[in-house]
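Mapping of the sequence shown onto our numbering: residues 1 to 619, in sequence order.
DSS-like, lysine-lysine: derived pairs with alpha carbons at most 25 Å apart:
{"hint": "1", "residue 1": "510", "residue 2": "489"}
{"hint": "2", "residue 1": "510", "residue 2": "222"}
{"hint": "3", "residue 1": "26", "residue 2": "112"}
{"hint": "4", "residue 1": "222", "residue 2": "142"}
{"hint": "5", "residue 1": "552", "residue 2": "407"}
{"hint": "6", "residue 1": "155", "residue 2": "112"}
{"hint": "7", "residue 1": "354", "residue 2": "552"}
{"hint": "8", "residue 1": "112", "residue 2": "32"}
{"hint": "9", "residue 1": "206", "residue 2": "142"}
Derived CB-CB ranges, DEER-like:
{"hint": "10", "residue 1": "398", "residue 2": "26", "range": "45 to 53 Å"}
{"hint": "11", "residue 1": "255", "residue 2": "536", "range": "50 to 58 Å"}
{"hint": "12", "residue 1": "338", "residue 2": "602", "range": "41 to 49 Å"}
{"hint": "13", "residue 1": "417", "residue 2": "127", "range": "14 to 22 Å"}
{"hint": "14", "residue 1": "176", "residue 2": "135", "range": "48 to 56 Å"}
{"hint": "15", "residue 1": "135", "residue 2": "280", "range": "48 to 56 Å"}
{"hint": "16", "residue 1": "225", "residue 2": "201", "range": "30 to 38 Å"}
{"hint": "17", "residue 1": "541", "residue 2": "601", "range": "15 to 23 Å"}
Hints are computed from structural coordinates only; laboratory data are not their basis. In this text, a Cβ means the ideal position worked out from N, Cα and C, and glycines have one as well.
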Amino acid sequence: MMYLSHIYGKGKSRYRFVSNLAYCMKEMWKWKKTVFLFTLFSFIPGIAADYLGALLPSWVVADLESGADTSTLLLHIFLLCAFLWLGNVLSGCIHAWFSVGIDGYLYHFRRKFLDKIMDVDYDRLEDGPSREVTGNVISSVKFGGGLYFCASFMKEVPPAVILLLFYGILISRVRWWLFVVIMLTVLADLKLLGIARKKHGEYYGKTSLSSRRTDYINTQAKDAAAGKDIRMYQLLDFLIGKYDAALEELEQIFNTIHCWYTVRNVSNAFLLLFRNWAAYGLLLVLLAGGELSASEFVYYIGLVSSFALYFEMLIRQLMNINSTNASISYIREFLSWQDAWKRTDGIGEEALSKLRRSPVSLELKNVSFTYPGNEQETLSHISLTIRPGEKLALLGLNGAGKTTLVKLICGFYHPTEGEILLGGIPMERFTREEYFSCISVLFQDYTLLPVTLDENLTGSGKEEIDRSRLERDLTLSGFAERYEKTPGKGDAALIREVNGDSVDFSGGEKQKLLFTRALYKEAPLVILDEPTAALDPIAENELYLRYGEAMKNATSIFISHRLSSTRFCDRIVLLENGRLIEEGTHEQLLAGNTRYAYLYEVQSRYYKSSGGAQKRGES
1 MMYLSHIYGK GKSRYRFVSN LAYCMKEMWK WKKTVFLFTL FSFIPGIAAD YLGALLPSWV
61 VADLESGADT STLLLHIFLL CAFLWLGNVL SGCIHAWFSV GIDGYLYHFR RKFLDKIMDV
121 DYDRLEDGPS REVTGNVISS VKFGGGLYFC ASFMKEVPPA VILLLFYGIL ISRVRWWLFV
181 VIMLTVLADL KLLGIARKKH GEYYGKTSLS SRRTDYINTQ AKDAAAGKDI RMYQLLDFLI
241 GKYDAALEEL EQIFNTIHCW YTVRNVSNAF LLLFRNWAAY GLLLVLLAGG ELSASEFVYY
301 IGLVSSFALY FEMLIRQLMN INSTNASISY IREFLSWQDA WKRTDGIGEE ALSKLRRSPV
361 SLELKNVSFT YPGNEQETLS HISLTIRPGE KLALLGLNGA GKTTLVKLIC GFYHPTEGEI
421 LLGGIPMERF TREEYFSCIS VLFQDYTLLP VTLDENLTGS GKEEIDRSRL ERDLTLSGFA
481 ERYEKTPGKG DAALIREVNG DSVDFSGGEK QKLLFTRALY KEAPLVILDE PTAALDPIAE
541 NELYLRYGEA MKNATSIFIS HRLSSTRFCD RIVLLENGRL IEEGTHEQLL AGNTRYAYLY
601 EVQSRYYKSS GGAQKRGES
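Could you build all of it, start to finish, from the sequences and the hints given here?
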C-alpha cells in the first residue's frame with residue numbers, strides 16, 4: 001500500500017487528504033457510531049496516562065527529598081503503580097477494541113466494493129484504466145492499509161499534537177536549545193527512514209517480473225490441466241530451474257533493501273546516543289549545579305523521552321499520508337463511477353410485461369463500435385432486423401466480431417454509432433434491469449457458482465423453483481438424463497474448490513446445464529454463443545432436433561463458426577472483418593457465388609477428407 005502513491009501520480013487524484021479523512025470518518029459514522037466515537041475520543045485516556053507516567057515518579061522522588069514518612073511514601077508508590085497499571089489496562093483495552101472495530105470497518109468497505117463491482121456497467125470490467133483502478137481498490141480493501149491508517153490517524157495524531165505542544169513548552173523552560181536538539185535528531189532519523197523507504201520502493205519495483213514468475217509457476221503447479229503437460233513433457237526440472245533463478249533474483253534485491261535499512265538503524269543508534277548525551281548531560285549539569293532538584297530531574301527525563309517518542313510517531317504518520325491518500329482516492333473514485341445505463345424511469349412494468357409475453361424483434365441500425373484506445377472499428381455500420389420468433393444464425397470465422405456484436409446486443413457495451421432497438425424500443429429507454437430481463441444468453445466463457453445444481457439452473461432458492469418449468473427445460477436441453485443420475489439431483493453441490501463433497505460435469509454436460517439455465521429464464525430473446533462446441537456429434541444432432549421446440553416462444557440468435565451447424569435456422573448472416581457481408585437461407589447462399597458458399601465448401605472438404613481418412617484407418 002505504501003507504494004500506491006507511485007501509481008497514483010501527482011495531479012491525478014481529485015481528492016485531498018483532509019477530504020479523504022473526512023470521508024472515512026463519515027463512512028465510519030454511517031457504519032457504526034460507537035466505533036466512530038471511540039476512535040475520535042480514545043486519545044483522552046492516553047494523554048492522561050502518558051503525562052501521569054512522567055509526573056508520578058517525580059512525586060515519589062520529591063517525597064524522598066522532603067523526608068516524608070514511610071506510610072506516605074508507600075501510598076504514593078502504590079498510587080504510582082496503580083495509575084501505571086490502569087494506564088496499561090486502558091491502553092490494552094483501547095488497542096483491542098480498536099482492532100476489533102477496525103476489522104469490521106474494513107469488512108464494511110469490502111462489502112461496498114462487492115456491491116459495486118457486481119453492479120457496475122460491464123464495460124468497466126474490460127476497460128484498461130478502469131481495471132487499473134479496480135486492481136488498486138482490491139488491494140486497498142483487502143489489506144486495509146489506507147482505511148486502517150485514517151482511523152489510526154484520528155486515534156493517534158490528536159494526543160501526539162497535544163502532548164508535543166505541552167511537553168515542548170515544558171522542555172523549553174529548561175533550555176530552548178534542548179528542544180531544538182531533540183527535534184533535529186528525530187527529523188534526521190526520519191529523513192534516513194525516508195531514504196530507506198524510497199530505496200525500498202525503487203528496488204521493490206524490480207521484483208515485479210521475478211514475483212510474477214514465481215506466482216505463475218506456483219499456480220501452474222497446482223492446476224490439474226497444467227499438471228498433465230508438466231508430467232507428459234517432463235517439465236519438472238525445467239520449471240524448478242526457472243523458479244530457483246527467480247528466487248535468486250528476489251533474494252539479491254531484498255538483500256539490497258535490507259542493507260539500506262541496516263544503514264538507517266545504525267545511524268539511528270548514533271543519533272539516539274547523541275540525543276541522550278545532550279539531554280541527560282544537560283539535566284545532570286543542572287542537577288549538580290543546584291538548578292534542578294532530583295524530582296525535577298526525574299520529571300524532565302520522562303518528558304524528554306516521551307517528547308521524542310511522540311514526535312517520531314507524528315512524523316511517521318505524516319510520512320504515510322501520500323500512500324494513504326492514493327488508497328482512499330482509488331476507493332472513492334471507484335465508488336463514484338456513474339453508469340451509462342438508466343436505473344430508474346424505464347419503459348415501465350406494464351410495457352415490460354407485454355414485451356416479455358411473446359417473441360421479440362431486434363433491430364440494429366447502422367451500428368458501429370470501436371473499443372476505447374483503438375483507432376480501428378471492430379464493428380462497422382451493422383444494419384440487421386430480426387423478426388419476432390425468427391431463428392437467426394450468425395456466422396463468422398474467428399476474429400470476425402461475433403463476440404463484440406453479442407456484447408452490444410446484450411447491452412454490455414453501447415454502440416459508438418448507430419442504434420439498437422428491442423421490440424421496437426430503443427435500448428436507451430430501458431433501465432438496465434428491464435433490458436437484461438428480456439435477454440437470455442449461453443456464453444462461451446461461462447460461470448458456475450458454488451451452490452446447488454438447482455440454484456445454478458434457476459438462480460432461485462429451493463422453495464421458489466417452478467418444478468414443471470424446470471423439468472420441461474431439462475428435457476429440451478438434453479440435460480434431464482444426467483440430472484436424474486446425479487447423486488442428490490438438484491440438491492447436489494457444485495465447485496469442488498469450495499464444496500469438497502461436490503459433483504462435476506464434462507464440458508458437454510456443462511453446456512447442456514447452461515442451456516437449461518438460458519431456457520428457464522423464459523426471455524423473449526435467446527442468444528446461444530457456440531452452444532455445441534463441447535458436444536459430441538450425437539448430442540449436437542439431438543440439440544438441433546429439439547432447437548425449434550425450445551425456441552418456439554422466443555426469438556433466437558445461434559452463433560457459430562461452423563457453417564454446417566446452422567442449416568436448421570430460418571436465416572443466416574455472415575460476419576467478416578466487422579461487417580455483415582451476406583444474408584439468406586442456407587440454400588440461397590449456396591446457390592450463388594458467395595463468400596458463404598466458398599467457406600462452406602472449404603469446411604465440407606475438410607470434414608469429408610477427415611471422414612474418409614478415418615474410414616480408411618478403420619478398414
